[in-house]
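Student: Single-letter residue listing:
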Amino acid sequence: MNNLFVFCEIEDGQVADVSLELLTKGRSLATQLGCKLEAIAIGYKLNDIAQQIIPYGVDVLHIADDKRLVHYLTLPYAAIVNDLFAKEKPQIALMGATSVGRDLGPRVSSALKSGLTADCTSLMIGNHEDKKANKVYENLLYQIRPAFGGNIIATIINPDCRPQMATVREGVMKKEVFNVAYKGEIKNIDVKPILTDADFVVSIIERHIEKRKINIQGSPIVVAGGYGVGSKENFKLLYELADVLGGEVGASRAAVDEGYADHERQIGQTGITVRPKLYIACGISGQIQHRAGMDESAMIISINTDPHAPINAIADYAITGSVSEIIPKMIKAYKKNSK
Amino acid sequence: MSGLKIVVLAKQVPDTRNVGKDAMKADGTVNRAVLEAIFNPEDLNALEQALELKDRVPGTTVTVLTMGPGRAAEIIREGLYRGADNGFLLTDRAFAGSDTLATSYAISKAIEKIGAFDVIIAGRQAIDGDTAQVGPQVAEKLNLPQVTYAEEILNVKGNEITIKRRLERGIEIVKAKMPLVITVTSSAPDCRPRNAKHTMKFKHAKTVSEMQDATEDYLQLYNSRPYLQIPELSVIDVQADLVQLGLTGSPTKVKNIENVVLQAKESMTIGNNDQEIEAMMVELIKNHTIG
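Residue numbers (this note's numbering), protein chains in the order written: chain A, 10 to 348; chain B, 168 to 458.
Mixed in with the good hints there might be a few duds.
Claimed, not checked - SDA-like cross-link-like pairs, simulated, lysine to any residue; straight-line CA separation at most 20 Å: (1) 344/A x 37/A; (2) 192/A x 346/A; (3) 422/B x 148/A; (4) 54/A x 148/A; (5) 324/B x 228/B; (6) 364/B x 342/B; (7) 220/A x 336/B; (8) 342/B x 205/A; (9) 76/A x 202/A; (10) 453/B x 78/A; (11) 45/A x 191/A; (12) 344/B x 210/A; (13) 422/B x 184/A; (14) 345/A x 450/B; (15) 172/B x 346/B; (16) 420/B x 156/A; (17) 422/B x 315/A; (18) 286/A x 344/B; (19) 341/A x 394/B; (20) 286/A x 455/B; (21) 183/A x 151/A; (22) 341/A x 450/B; (23) 338/A x 235/B; (24) 342/B x 217/A; (25) 184/A x 446/B; (26) 331/B x 217/A; (27) 286/A x 297/B; (28) 345/A x 440/B; (29) 373/B x 253/B; (30) 286/A x 220/A; (31) 331/B x 311/B; (32) 122/A x 309/B; (33) 344/A x 441/B; (34) 341/A x 309/B; (35) 183/A x 248/A.
Claimed, not checked - From the structure, some residues in chain B lie toward chain A, with a derived Cβ separation under 7 Å: (36) 220; (37) 300; (38) 386; (39) 388; (40) 389.
Just so you know, these hints were derived from the structure itself, not from any lab. The structure presented is a predicted model; accordingly, all values stated were derived computationally and were not measured. Backbone N, C-alpha and C define an ideal beta-carbon position, used for all residues, glycine too.
The following block holds chain B by itself, in its conformation from the complex:
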């Protein structure tokens, strides 16, 4: 069997798992500057599944696709260090403000542009939104079947793929045909670490925008080693319809954002009477502790 063409969808996210006191600004907005930008954890699980397939099926190539601002090139480099073959950065101002539907439209256009593939693998969800929507939405846009909540790819034979899914109260083993979209859960094996050889090879990999700031010597290096160029894809490159992108392409709008005030714990004594107990319950309903 000839090798597979795999696209891994990965996202750079603010690390919301370790949010300190300074994470919120006084005006109630998120202070992104103090949050570390990381490789979305479940996308690393997805990358590992792709790399395992590459180990199993000779001739397989793994492409990392990420959408984000220029600094998201970091995600592509991280993927290359761990064993991916190449990557694309989907970046354009027109993508700003996209909700999951507009994002999935942009990503599906980019995948069409990148070309033939057998498997698209993504993390089940990203920790900054926890929506788990982009994977299935991309699958629908590309008119492909999907297998979500994947924990392990058990077998690949011809164009058939067998996958174990991890559900709330058990497992399901499904058989599907490629091409398809797979989303991987955090219960899947962790991603392998950086490989020293790959890290050396791709240390200087840069996007065109990043190269513009590079010195003469580097330019020579890039000309002699074209694999160090990380291609950037814009709206025009992927021939996307502007109306379906950004805020205009997003059916969901944020009406209001409330900062959850993290108060120091202070015990409040409630009197044993209807009025005080009712006031407490109203407070709990108001701050969404109870529905």
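With the rest of the complex left out, here is chain A:
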């Protein structure tokens, strides 16, 4: 009882990346709390969904499989989640900050009179001392998010109400399989007694959803490579770093021209413009045409063998050295220090 729950979003039989990222975070928080990680999957024809979800370290997977649930609908999905949460009384419930999670989350929180924090960028476990009431709350979920147009970072807690609910955007947390052979229990939810006709008062009459494409512009972290990366082989290191940090890979025109990366990843005047929280320029000299596509990044790290590369003038951190040396060090340092 009082476990940590993750709501899994499913599109075309595939669990969304944001849900897998939350399972990864959920696994580590559950371990820290000494509770189980449970997941909820709602949809239709979910026969192989467990294979996608359990390896993330899920102890219990609740599945609601019904033809009427093939696409997300507020009322039936909320009814199932409310019913499950009323029975299981989770201490924490996490959802993606997507059009689904941001539709479902507040509905559930309002029904359960529980607190919900939107768009968290970090989740941690910690204590809280209420000095007025002379009371110490142990192992609360710290829900950390930017507020006020990103000018402040607030830590939000829900001392008294359960579940403590939070949504997180895609790409903010890393995604990592916990154990491919993990053993989890599957519990099928009987939706018949839960759903009523009134839950289907809103119906979808048309739907046009594009297949997932790379989304460099929406990524908070961009690892971009230039001519100086040297080879397509070396570019793999950039993908590795982007994967670890939860970012996307971009490239300069010179790198695209050399065939190191696809054209759709080109950043700059003739490519796309990005404004990420962190831009890591690897082997990019920083010609004006490239800078035009990234100079509004909140923070820039430059990795270059030339200490006088023009990009260093706009970088917050400049590291002199080769990509093949520096990136493994960054990955190692991140893995050692991230929670």
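We have chain A already, so just place chain B on it with the hints.
Tutor: The following block gives chain B in isolation, referenced to the frame of chain A:
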């Protein structure tokens, strides 16, 4: 078909889109005084959808409901200038410190008080919090269906309404029955500007509190033109339970606030060795640049 009764939920917000250097005080708190108070942008998109329905369905009335301090009456006036029929200011000290759940409770009580309606339209989210929670939370409290991320109301027929939703990677067209709650995204059409006739008509619209400072002549004006009175609703008026309002009614608490220091750009040279690279990564984790 007889007209629809529409309630538009609108919020007055500090303009966080153009935050200058003086927006934060030295102690790390927000200096609200220097931030302009504006009509929340997506609530204007919502107002436009309501006014379009009014154009399409004769006899429709549009009511603007806002919750906030006395100065939020400005939002009601702005709504009236653009074509709304009337408005209510939900205002009480007891609302101070409300999170989204307590806010949605207060708003749902006010809507119950205002009376019968067919459609409640709100912006998807407000720019001071970006939570997108109040719309769905109000819908749940009123036990109504919701359609979020609405971009366009395609059709209204009888009690059926067809709505186009704009999602991350595409669109969805849904059919729903009224009454319901709709939240509108910024990709919906912009709100029409002020209408000269309405602006003249409602120029002197004021709340009771604002009227108390008015001169004799105005009082006469308000008596002869009751539509110039913007009703104020208090906790008692909407029969709300105090325990569910303000800080006590808010399950979420702010534990800590950190000011994001906007430093002048200065390049820092990092040596090509494990220690310095690790120190940089730790710094980036600490200031939430990487998770």
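Student: Among all the numbered hints in the text so far, which are the ones the structure does not match?
Tutor: Numbers 2, 4, 6, 10, 13, 17, 18, 19, 23, 25, 30, 34, 36, 38, 39 and 40 - these are the hints that the structure violates, sorted from lowest upward.
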